[in-house]
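Q: One letter stands for each residue in the lines below.
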Amino acid sequence: MHEAYEVTHLLNASVQIETIAAYDGNLLLGTRQGHLLMYSLLMNKDTQKYELKMIRYCKNFSKKPIQQIEVIAEDKLLLCLTDNVLSSYDMNGLNFPLVKTFSDTKGASLFALDNKSATSMTGESNTIVHLCVAVRRKLQLYYGKNGEFKKHIFDFTIPDVPKVMALGQQYLCVGFKGEYTFFDLSSHNSTDLFPPSSSKSLDPTIAKYSETSFLLGRDNTSVLVEEAKKKSSEIKKTMKRIDDPTISKYSESSFLLGRDNTSGEVEDAKQETVEIKKTIKWTDAPLAVVWDEPFILGLLQDTVVVQTVEPPLFIQTFVELNKARLMYRCKRGLIFVSSVGQVWCLTSVDITKQRKQLLKDKHFQIAIDLMKLSDSSPEEKKQTIDSIQMLHALDLFDSKQYSQSMKEFIKLKTDPAEVIKLIPELDNKFEGKENVLKGKDLENALNALIEYLVELRFQIGTNTEGSSKSESNQRNVAQQLELIDTTLLKCYLQTNDAFVAPLLRLNNCRLEEAEKTLHQHGKHSELIILYQTKGQHTKALQLLREQASQPDSSLKGYHRTKNYLQHLGAEHLNLIFKFSDWILKEHPEEGLKIFTEDIVEVENLPRPKVLDFLLREHDTLVIPYLEHVIHTWNDTHDLFHDALINMYREKITDKKANCTEEELQHIKSKLVAFLEKSSHYTPERVILHFPNDTLFEERAVILGKLGRHEQALAIYVQILGDVDRAIRYCDNVWTRNDKTVDVYVTLMRILVNPEQNNSLTGPLATVPRHPKASTPDLETALSILEKHADKISPIKALSVLPDSVPLARLSSFLESALQTQLTMKRRTQVLKGLLYAEHTQVQEMKQFHESKSIVINDYNVCPVCKKRFGNQSAFVRYPSGDIVHYSCKLDK
Amino acid sequence: MSSRKKVLLKVIILGDSGVGKTSLMNQFVNKKFSNQYKATIGADFLTKEVIVDDRIVTMQIWDTAGQERFQSLGVAFYRGADCCVLVFDVTAPNTFKSLESWRDEFLIQASPRDPDHFPFVILGNKVDLDNRAVSAKRAQQWCQSKNDIPYFETSAKEAVNVELAFQTIARNALAQETEAELYNEFPDQIKLNANDNNRNRDGDNCAC
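Chains as they are written, first to last, in UniProt numbering: chain A, 1 to 892; chain B, 1 to 208.
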């Protein structure tokens, strides 16, 4: 059992004790006979017990009983109520000489004191005393400083004579026979709370709990009442009446009120200005209540009971304090109790000893509260408190309050490694150890741990941003994150594996451990993500390859591999080649997308290398690839254009290829179209590979690109026999602005003089000619001449035509040619006239300017350098008329 | 039952700094745009009432700091979100690349019940600018690969698609909300705690 206090019997008095007070280690007794006794509490070294040593005995202090005494230790002042008048006395004087009698207080029955030491800005220490005196049906307020008291103008008028009073910060709490009332010291409003008892007549008790709360006695309980932070005017409306009063101060913002055994919270408490926080139960109605943090002591019939408020726990009982009726708290851990003839003291048990017992009993909060009050150094205090909280957190964990426990760990900033160890399942070396968590418990523990880890990783993430970015610090953070995320991974695998993928992508997990765990759980898909983020591409791809053929695998098929390869990028080109191989073989069309998908990484792959790879390993895909590169990506590199042409050509000429006629035609048309459209291939190089016995049309197109129109036209006419094509060819050349070349004349010459044409030389010379080509086709030549008269030079045309052509056949051509010549001549004449006119205008202008003269003499000064013009100096005249030195002009 | 209840949707906007999160929110709520850039510190929220299928819902839109050093909100802030809006700048490819980690980070922090089906919406902002670097097709492709996240091309400056995008956000968030209600129905019916409390109080009051 925990022992918070020890009781010592101190005194058997021959006098009748009426009231007691204490300060520091001193006890004052006021008697019915009007004596005042002062003792000092000492520890007897021999018996190790407390003893009282009388210091003063003032027999003639008063003629009447001493009703109440209080000490203002800082001012060495004693306040005493006797004969219904309050007076102050000097403590320094031997027989307590009278300082002042509060003359206004005649008829007083009770007073209450509240003093605070304050250090002013000048460094002086002042005691400010609030004093309240109950004089018949009035409450007088005094304000004291350095032993001087001033009375407030305002008095409270009250309905009854008060039994007990306590001063808080904002409120004065008064216990009457039938009611507890709060008086607001600033607004002077009053609020009735509840009576001290619902049934019998009980004296009220008040204990100050804090500056804003009090413990008020109500029947067999003490009620903790706290000032709320609202305007006092609202109190009246909202506070609900209950019934009989025991008041004693609990702390600076609440009172304890006596109440029935079974008290509950006051209804409607939520909207009030005065809030009822708690009730503490006693076995009987308390005579007096004292708050000695963290304990509340109640004086019951012949016994003192010690309890705690938060959490409410029964601690200790002291019995056989016969007829005790007064209780006075001297200082922390020292309380005096007295009956009419006897005095006891309750002294706090050594805190270390208490703590040990409390920890054994698992009363962590009380242990912490006690520790906060101890006299140890702040560092030691913090350390001890932390260790207690740690024990608390561990205890919460053991009692399966995982979430609470984790919250404590967060507050304590416990090393996460320690916390994680609490769940042995997460340890890799764990093999059937004892104290295993099972089923629902394990799930709850894991969920709590997840919440903890997530909170922690957030804190780490934000803290590092602000703090110093030293290298060791960053490494430390990285290690912590690694631990947290690796553990999170294990948790998620057991609770909700949908989080595994996002977690892995954030890339903080430890590779080996994560790999092992994922393997254990058969999470292949997630393993791939792990490998990917960790750059273990070979492992990932090998796993994908293995899983691709597993019929029940989540990674079945080629899609994941394809996807993976598409995101690898240029630096892993060899891996891409290595692992794309099987897809390209089994699913060529889809596989090609590894190199053609619209993804940045794919588009940025080195295309020549890809082309080379495809040529070597998968030549059937070369054409689709090149078509994509050229038509979709609009690559203009001649390498691809040349290669595509070569591929088309090879496909057409390859005898072994089993192409149907239709396919062949399709490719041929593509080839021709491409040859015509593309301007990025190198015709010189391409043409070398073209066969001499076939693909004449294509060759013609290439020759055209090379500007060898005569050869091209010769192929059209003489080999293919397609004159229309030849004409169209000429049209194309003409419209391409190549007007200097006489393509039409060339065509005519070939048509008229097939025999004399030697353009088809070399290997083409032996190619069989088209049957039509051997006979001269004068008619066609003439029709071309007529149709394109404006595009053909008449002299060249005439030189081509044989002499046998009748003039009449040429009349229209010649006329139109003549017309053209005439038009040209006239236009030239007009132009000549205009130019001449312009010429004379310029000449006139020149004469005008030359006719101007200027005179420079000694009075002329250059506006720039302010000097005269010397004999030989060159000068410049501006259009404005200003004259400056030539050198000055240059300066500008 | 649920349709009578007043609905508050918590929407969180995430994305790299300078992609226009604050501007989008301001355009949607206040119909205003400013060319001046001011980094968001911590987070800020605005509310707006919208009508989704004849229901009035209040959207509480949380704008966050894109720069890590200005992020001050804890894990609790992400919890209880009904929809997460991820924003990138179509002229800055890096902000597009970051989407994945914003999404993953959000999921870990928020721990929604069903992470695979938590509603996200992607906004490609600043389409009014000429120097575009992320094609719509590419963004669309990425969204499709992530469980078909809705994608919108927006311009906070010219109010392009902003209204439409937030309408979708509200709709998807609402769908999520109703789904969550279904999950909760069971515990709601039991009300163990509430009854216990009442009984205790009654006991206290009458056993005097």
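These aren't lab readings, by the way, just hints derived from the structure by calculation.
The reader is advised that the hints may include incorrect statements.
Unchecked claim - Looking from chain B toward chain A, a few residues come up when the C-beta cut is under 8 angstroms (computed): (1) 101; (2) 109; (3) 111; (4) 137.
From the three backbone atoms N, C-alpha and C, an ideal C-beta is built for every residue, glycine too.
Q: Would you pick out the hints that fail for this structure and give their numbers low to high?
A: none
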